[in-house]
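Protein sequences, first through last, are from chains A and B. With my numbering, the residue at position 270 of the first sequence is 271, and numbering never jumps. With my numbering, the residue at position 163 of the second sequence is 466, and numbering never jumps.
Since the hints were made in silico from the structure, they are not lab data. All values reported here derive from a predicted model rather than from experimental measurement. A portion of the hints provided could be inaccurate.
As the list claims (entries may be wrong) - Calculated pairs, DSS-like style, for lysine-lysine (alpha carbon to alpha carbon, straight line, at most 25 Å):
#1 A:K33 <-> A:K17
#2 A:K32 <-> B:K312
#3 A:K228 <-> B:K310
#4 A:K340 <-> B:K411
#5 B:K411 <-> A:K184
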Amino acid sequence: MNEYILLRHRTIPNIKDLKEYQAIGGFEAFKKSVTSMTPSEVTDIVKASGLRGRGGAGFPTGLKWSFMDNKNWPHYVIANADESEPGTFKDREIMENNPFQFLEGVAISSFAVGANAAYIYLRGEFWQIAHFLDDKIAELEQMGILGDKLFGTDYSLHIYTHLGAGAYICGEETALLESLEGKRGQPRLRPPFPPSYGLYGKPTVVNNVETLTNVPMILEHGANWYKSIGTEDSAGVKIFSLSGRVKKPGNYELPFGTTFRELIFEHGGGIIDDRAIKAIMPAGASSSLIVADDKALDTPMDYASVRTLGADLGSASVIVIDDSVSIDWVINKTIHFFKHESCGKCTPCREGNYWMQHLIERIHAGVGEQHEVELLYNVAKNIQGKCFCALGEFSTMAVTTGIERFPQDFEDKAKSSIDG
Amino acid sequence: MNKLEEKYKIEIKHVLSKYPNEHKRSAVMPLLYLAQRDGGFVTEEAMEDIAEILELSTTEVASIVGFYTLFHAHSAGKYRIQICNDLSCALRGADSFLEELCKELGIKPGETTPDGLVTIEPVMCLAACHRAPVFQVQTGEGLLYYENQTVESALELIESWREKEKKGSEETV
Ligand SMILES: Cc1cc2nc3c(=O)[nH]c(=O)nc-3n(C[C@H](O)[C@H](O)[C@H](O)COP(=O)(O)O)c2cc1C
Ligand code: SF4
Ligand code: FES
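Assemble the whole structure, with the sequences as input and the hints as a guide.
Right under this line is the structure:
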């Protein structure tokens, strides 16, 4: 594939100027939707395209939109720009460089679900991006592309930015809603899901930045065009954030179904110092650890195929680990992250991560004994299936798979403590 | 009208216009950012002012300050250097970057330089994993990213702040 669908600024450097974006057809899809289509026609195209959510869960986007409760008004759209999963840095590149395509995606989805107000919830660290987007939104209002009674119709839309303040859990959609309502970011019980009970108790669609940025191109080129890219189960392109022990870390926009090998060795330039690759985390710190053997490297990166390796593709934040790194070091890092980010609402996650941190610190320092590795494993297993939200589950993935799939790294540690 | 309202009249009005009238509580985080502008942290008094504006209890406002890591209830260095030493960055040397920078400044992570200028803190992933070592600098004014850093480039940056502060204080004398 030689043309970008999302990271178009790489070939069209001025795309962040409104004039340039419009010159290449920008906002035509939004205008066409508002002036000549019904909301359900727009939703149907997105449904037919096979677009699935890029925030991690891979839920079909058009289907989500069609769940909006039409007996309860007003409706809201929220762009999830909290991007805080370790290893993920794609939404940021989109917003910084191709802001209008993203905003057009927000606008089209708002029309499709009948929302007159949309919020972009950005992690607080994206302070500069929020100001940048504010300017772009103001420009669109001036041009009559956003605001009241658009293109001579009765449809009005206002888009607002809202900054979080440093809490990974606010990426979870119901914690995000709480946070946007001015409360601590702690998840809500689901169901009800946001399309029936969302912001201020009103029907709300929450979509990831990358998901929304696909939408204008789908409307412009059609559902069949989009579906023809990628695999049967995972349509279209994905931005893979590649990081860790590779020569060329960065974002790579590739069709779903590209193999790990192609991403890591062709695009990423291979492993630093040409060492041996050891493990892959395909979904950031929340990921299971995959043993990077030939079978894994030749596995296509789509939702279904990655599952055959005992892992999830998630947000496709591929972290590469080489043979210079011990897995107990890796899970020491992931546990510290989740211990820090646990919102404290439920006991298994709050206390479980506290205990996992205590144990991994001893093991990593070489003072833990073999039975403490087993204890760590058991604590992780006992957290699973008992947490109020997915963060608790995420916190155990690297721990259990790390101990199961790389036992040697833990035996060595325990031995060294016995040897003194 | 309380002190915060007086000082940021236009800004507060703009912030409140983003949310439905009956849900002005949504403005609590934007208002905390405003309150933090001057000293880099939120004073007790500012929390009371925000509570009054949004018709909340001060405890509710304080609980927000406590929950979110970018709000601070206590003063620190004028510039908070927050270095990511999370997984991806640590795989590219962020831990030793943090350690060496602290050593050069003669402080430990979490501490402030004796002149009160710089605080160094480790933080979780900043969504800049491909450009490690990376840190953000938080001041009351806002947040800026510094990517692909070295200990030397970080020290130069700190030196430039020292110069700026010196000039600033000479001008006010
Ligand atoms: C702990 C946690 C953190 C999450 N962080 C993010 C995030 O930063 N960005 C995001 O888009 N989705 C995140 N999600 C997923 C959201 O809950 C939600 O599924 C997503 O925003 C839906 O959008 P999509 O359908 O377009 O993927 C997170 C989920 C969990 C459980
Ligand atoms: S699993 Fe963790 S993050 Fe989720 S609600 Fe429970 S304590 Fe909070
Ligand atoms: S791990 Fe450091 S920026 Fe992501």
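Pairwise hint evaluation, A:K17 against A:K33, where the allowed Cα distance is 25 Å at most: Distance of about 21 Å is within 25 Å: holds.
Under the criterion that the straight-line Cα-Cα distance not exceed 25 Å, is the pair B:K411, A:K184 satisfied? Not OK: B:K411 and A:K184 at ~33 Å, beyond 25 Å, violated.
Decide if the proposed pair is consistent with the structure: A:K32 and B:K312, CA atoms, cutoff 25 Å inclusive. 37 Å, violated
Compare the distance between the alpha carbons of A:K340 and B:K411 with 25 Å, and conclude whether the hinted pair is satisfied. With Cα atoms ~22 Å apart, A:K340 and B:K411 stay inside 25 Å; holds.
Has the given pair, A:K228 with B:K310, been kept, meaning a C-alpha gap of at most 25 Å? 54 Å, violated
Hint compliance for this structure: hints 2, 3, 5 are broken, all remaining hints hold.
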